[in-house]
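Student: Given chain R's structure and the hints, the job is docking chain V onto it.
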Amino acid sequence: MSSNLKKLASRYPLYIMAIPGVLFFVLFYLIPSAGILLAWQDYNFIKGFMESPWVGWKHFRKMFEYSEFLQILKNTLSIGFLKLILGFPFPVFIALLLNEVKNHQIKKFSQTIMFMPHLLSWVVVSQIFYNVLSPDSGIVNNVLHGLTGMEPVFFMAKEELIQPLIAISHVWKESGYTSVVYLAALSSISPELYEAADLDGAGKMTKILRISLPLIAPTMVIMFLITMGRFLETGFDHVYNMLNPLVWSKGDILNTYIYRVGLQQGKYSFTTAVGLFKSLVGLVLIVGGNWGARKITGRGFFK
Amino acid sequence: MKMLKKSGYFRKLRRESLRSTIVVYTFLLLITLLMILPFLHELAKSFSYPTEVEAGRVSLLPKRFTFGNYYYFWRKQSEQLGRAFLNTIYITVVGTAWTVFNTALLAFPLSRSKKEFRLGVPILMIVIFCFVFQRPVIPYFLTVKAYGLMDTRAALILSHTIVPFYLLLVLTFFRGLPEDLFDACRIDGGSDFHLFWHVALPLSKASLASVAIFSGVTMWNLFFHPMLFIRSSDLMPLQPIVRSIMRGTGDVLKGNLLDNDPFRETESIKSALIMLTIIPVAVVYPFLQKYFTKGTMVGAIKS
Numbered sequence: 001m002s003s004n005l006k007k008l009a010s011r012y013p014l015y016i017m018a019i020p021g022v023l024f025f026v027l028f029y030l031i032p033s034a035g036i037l038l039a040w041q042d043y044n045f046i047k048g049f050m051e052s053p054w055v056g057w058k059h060f061r062k063m064f065e066y067s068e069f070l071q072i073l074k075n076t077l078s079i080g081f082l083k084l085i086l087g088f089p090f091p092v093f094i095a096l097l098l099n100e101v102k103n104h105q106i107k108k109f110s111q112t113i114m115f116m117p118h119l120l121s122w123v124v125v126s127q128i129f130y131n132v133l134s135p136d137s138g139i140v141n142n143v144l145h146g147l148t149g150m151e152p153v154f155f156m157a158k159e160e161l162i163q164p165l166i167a168i169s170h171v172w173k174e175s176g177y178t179s180v181v182y183l184a185a186l187s188s189i190s191p192e193l194y195e196a197a198d199l200d201g202a203g204k205m206t207k208i209l210r211i212s213l214p215l216i217a218p219t220m221v222i223m224f225l226i227t228m229g230r231f232l233e234t235g236f237d238h239v240y241n242m243l244n245p246l247v248w249s250k251g252d253i254l255n256t257y258i259y260r261v262g263l264q265q266g267k268y269s270f271t272t273a274v275g276l277f278k279s280l281v282g283l284v285l286i287v288g289g290n291w292g293a294r295k296i297t298g299r300g301f302f303k
Numbered sequence: 304m305k306m307l308k309k310s311g312y313f314r315k316l317r318r319e320s321l322r323s324t325i326v327v328y329t330f331l332l333l334i335t336l337l338m339i340l341p342f343l344h345e346l347a348k349s350f351s352y353p354t355e356v357e358a359g360r361v362s363l364l365p366k367r368f369t370f371g372n373y374y375y376f377w378r379k380q381s382e383q384l385g386r387a388f389l390n391t392i393y394i395t396v397v398g399t400a401w402t403v404f405n406t407a408l409l410a411f412p413l414s415r416s417k418k419e420f421r422l423g424v425p426i427l428m429i430v431i432f433c434f435v436f437q438r439p440v441i442p443y444f445l446t447v448k449a450y451g452l453m454d455t456r457a458a459l460i461l462s463h464t465i466v467p468f469y470l471l472l473v474l475t476f477f478r479g480l481p482e483d484l485f486d487a488c489r490i491d492g493g494s495d496f497h498l499f500w501h502v503a504l505p506l507s508k509a510s511l512a513s514v515a516i517f518s519g520v521t522m523w524n525l526f527f528h529p530m531l532f533i534r535s536s537d538l539m540p541l542q543p544i545v546r547s548i549m550r551g552t553g554d555v556l557k558g559n560l561l562d563n564d565p566f567r568e569t570e571s572i573k574s575a576l577i578m579l580t581i582i583p584v585a586v587v588y589p590f591l592q593k594y595f596t597k598g599t600m601v602g603a604i605k606s
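As you go down the protein sequences, you meet chains R and V in turn.
Going by this note's numbering, the first residue of the first sequence is number 1, and it counts up by one from there.
Going by this note's numbering, the first residue of the second sequence is number 304, and it counts up by one from there.
Don't read these hints as lab results, they were simulated from the structure.
Where is the CB? At the ideal position from N, CA and C, for every residue including glycine.
One or more hints might be untrue.
As the list claims (entries may be wrong) - DSS-like cross-link-like pairs, simulated, lysine-lysine; straight-line CA separation at most 25 angstroms:
1) R/267 <-> R/58
2) V/593 <-> R/108
3) R/58 <-> R/47
4) V/593 <-> V/508
5) V/508 <-> R/108
6) R/204 <-> R/102
7) R/47 <-> R/62
8) R/267 <-> V/448
9) R/47 <-> V/448
10) R/250 <-> R/267
11) V/418 <-> R/6
12) V/597 <-> R/107
13) V/417 <-> R/6
14) V/593 <-> R/107
15) R/102 <-> V/593
16) R/267 <-> R/62
17) R/250 <-> R/74
18) R/267 <-> R/74
19) R/108 <-> R/207
20) R/74 <-> R/58
21) R/108 <-> V/597
22) R/102 <-> R/207
23) V/597 <-> R/102
24) R/108 <-> R/204
Said to hold, decoys possible - Anything over 12 angstroms on all C-beta distances counts as not near chain R; from chain V, calculated:
25) 478
26) 490
27) 509
28) 569
Chain V extracted, bound-state conformation:
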């Protein structure tokens, strides 16, 4: 030990670890900046006066601070955008509850032993088939149309009833529950419904929360499905509407082009719209991050 000390071995080790710590933190800082700077840029633009933005003078701090970009949507598009928000909130809330319930409901029998539930293997084969292969778009569109679900919010919710990945997640969790608890409930005369509702569900809150978050994010961000199934603009959820406003096919065609409004169809209102769309997600997410990470990790270990 002494000899090592004398030879400066530990000092060398410490110096090296200091150097590598600096390298690690530098890279981490760089990557974190890459991830966050675009948001700060958008935020700055959304609070800047349109002409400042158009002139390219806004980078990370707002110039000529104004709420006008946000106020623009209140004045001009509150009807269209408000309806889009309500549609999205509706499909997110109802869709998530529907997905969580149905996922758990199917996962429960699948998690029981072969003796108790004999259809486990064939159903799992179907689920894995659906996990591996994507639905062919055209036949999918035609079948949903044949079910008479065109232009309904139900099409968006029903088509997301169960996502195979979520099912496998909950299934893994159910399988890990201690069998003694079920036995205890059964001795008290509980049926399988009771086991599911009073034992399995309350114990699986964490994994169900993960599913709820995954599903909530999916429903909030839904884009392709409404493009397929929704025709009328009254039912259109947020993302397609945001796109149409961004691409200038929203108000600009209907609106008065001679309108002297400095906020009309500018770069800065696009930034404001981005912030409006992100904010609900950004506000909720940090509180739920725990479940999100956990769900991903369980999924990783499972696969």
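Chain R on its own, in the form it takes in the complex:
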């Protein structure tokens, strides 16, 4: 026993090294996570957490009585859906393209450019969208006007366009970045497979469909699951910066709602309940997606 203790004691530096990190996770993740208890309280700023009254499921019930909340849930879902439809295949396509490019310099150059948007903040990206689509000076309206004589359209102020535009801006910003994941998967495919296919006289299309795609399918499944888990998690930065008062009703999502109603109007408990609901739906989606993926492909996230 004492020799055991001694051994442990000789390792004390390891335990000391772990202290700051663990402390961080406790202070900045676990304690805030425990704070979801607020959702069952009527949190009052003056009384504080200990003194505020407990109210059970009141806020959860209230949530579904608000028509405003239902609209926001609908917005969140349809933006998530559009992002999935548009955003999922595009990086795969880019990766397949880049994989076919044999000239190293061209490949590196276009990769550098496609990566670039990922590094920018949503403040900048959304402003680029505003500028490019601007009715007065945007290049899109310039070109459309020049080609067809069409009257300028203020795209960012159209209620019916804001959700697709949010999805498209996501595709524009993140596709190049996400494609790296698929490129990694593609580069690990053995070249012998392609050589064998060459001997059988397979064309490029056949090789892509019969070799590349099936072999990166596991990666696609994992990426799909991650996307599913984040279905309701369109970023606050993203949507908040894309919106303007004219399209608020169609673009407001759970994350912006929590900020607006929770922090700015001080409805702490109610929006904590909303956030909890969001996380639960996310959890259900990822577990359900995992189950489905395993049924279909025999592979899943958690093995």
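Tutor: Chain V alone, transformed into the frame defined by chain R:
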């Protein structure tokens, strides 16, 4: 072989590969253009005279070339914008160093065997929990407020001490280091601190560089956190300030509306501001792209 040659098999193959090469490069060109044209558009606008931009005559080349849009910020907003830049540089430099150090510090004990460090599994469980679930916004806000960090730059830096994803990245790297090196150092009487500082860290420069870049980009682009925690405009970092200028809540309210300045609050100064915000990222990034791609790939393989 001869028969194949005679039947024109190879010619057909070559023709097909030429055609598919053209298709690949066309698509690649299209996508690359989609990614880069908005930047060129902004660049052109930022060097054009405001009235030309407002009239919609600027697409990809500047009209009536001028530095006036950039000079505008020097004249009118150098104080506000300069302070915002300094704040952002501060949180980026300090925050990145802090994150890299703390990430490595926790990753090291976690990378040791179970015999040496017994808390590995429970700590990893916590990390994975934090990886999967987002922090609930409202309780997170209230706890950080309770720590007395409101309206400090420390709130922005401390809340980004360790990102679970970076930790897993470095952890994977540490685990791949050859154990012999550690043994050699230990025989020379090195403690675990020595192993960490003189063996593990110098050997992991590549993966630490990846973390530094991810973290640097995150800190540079920080938007939501300052919106939560920073109140005074003296401490506000770049992105929220850029947004407020873009949305015309910056100078325009305070400024003299009868001001006859042709550059005041025009489309072209917005483009100039975008370029100003992007340039530091765009200049640094190509040199560091290697680490960026590598980090993403390791992350991909790991997940």
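Student: If a hint holds in the structure, say so; if it does not, say that too.
Tutor: Do the hints match the structure? See the list:
1. R/267 <-> R/58: Distance of about 13 angstroms is within 25 angstroms: holds.
2. V/593 <-> R/108: holds (10 angstroms)
3. R/58 <-> R/47: Satisfied, since the Cα-Cα distance of roughly 19 angstroms is no more than 25 angstroms.
4. V/593 <-> V/508: holds (13 angstroms)
5. V/508 <-> R/108: holds (23 angstroms)
6. R/204 <-> R/102: Given pair residue 204 of chain R, residue 102 of chain R holds - Cα atoms ~13 angstroms apart, limit 25 angstroms.
7. R/47 <-> R/62: Holds, at about 23 angstroms.
8. R/267 <-> V/448: OK: residue 267 of chain R and residue 448 of chain V at ~16 angstroms, within 25 angstroms.
9. R/47 <-> V/448: Within the cut-off at roughly 15 angstroms; holds.
10. R/250 <-> R/267: With a Cα-Cα distance of about 22 angstroms, the restraint between residue 250 of chain R and residue 267 of chain R holds, given a limit of 25 angstroms.
11. V/418 <-> R/6: holds (13 angstroms)
12. V/597 <-> R/107: holds (16 angstroms)
13. V/417 <-> R/6: holds (16 angstroms)
14. V/593 <-> R/107: holds (14 angstroms)
15. R/102 <-> V/593: holds (19 angstroms)
16. R/267 <-> R/62: holds (12 angstroms)
17. R/250 <-> R/74: OK: residue 250 of chain R and residue 74 of chain R at ~9 angstroms, within 25 angstroms.
18. R/267 <-> R/74: It holds: about 21 angstroms lies between the C-alpha atoms, which stays within 25 angstroms.
19. R/108 <-> R/207: Holds, at roughly 23 angstroms.
20. R/74 <-> R/58: holds (22 angstroms)
21. R/108 <-> V/597: This hinted pair holds, its Cα atoms lying about 14 angstroms apart.
22. R/102 <-> R/207: holds (16 angstroms)
23. V/597 <-> R/102: holds (20 angstroms)
24. R/108 <-> R/204: holds (22 angstroms)
25. 478: At about 15 angstroms from chain R, residue 478 of chain V clears the 12 angstroms cut-off, so the statement holds.
26. 490: holds (14 angstroms)
27. 509: holds (16 angstroms)
28. 569: Given that some Cβ of chain R is not farther than 12 angstroms from that of residue 569 of chain V, nearest at about 9 angstroms, it is violated.
Going down the numbered hints, you'll see the structure goes against just number 28.
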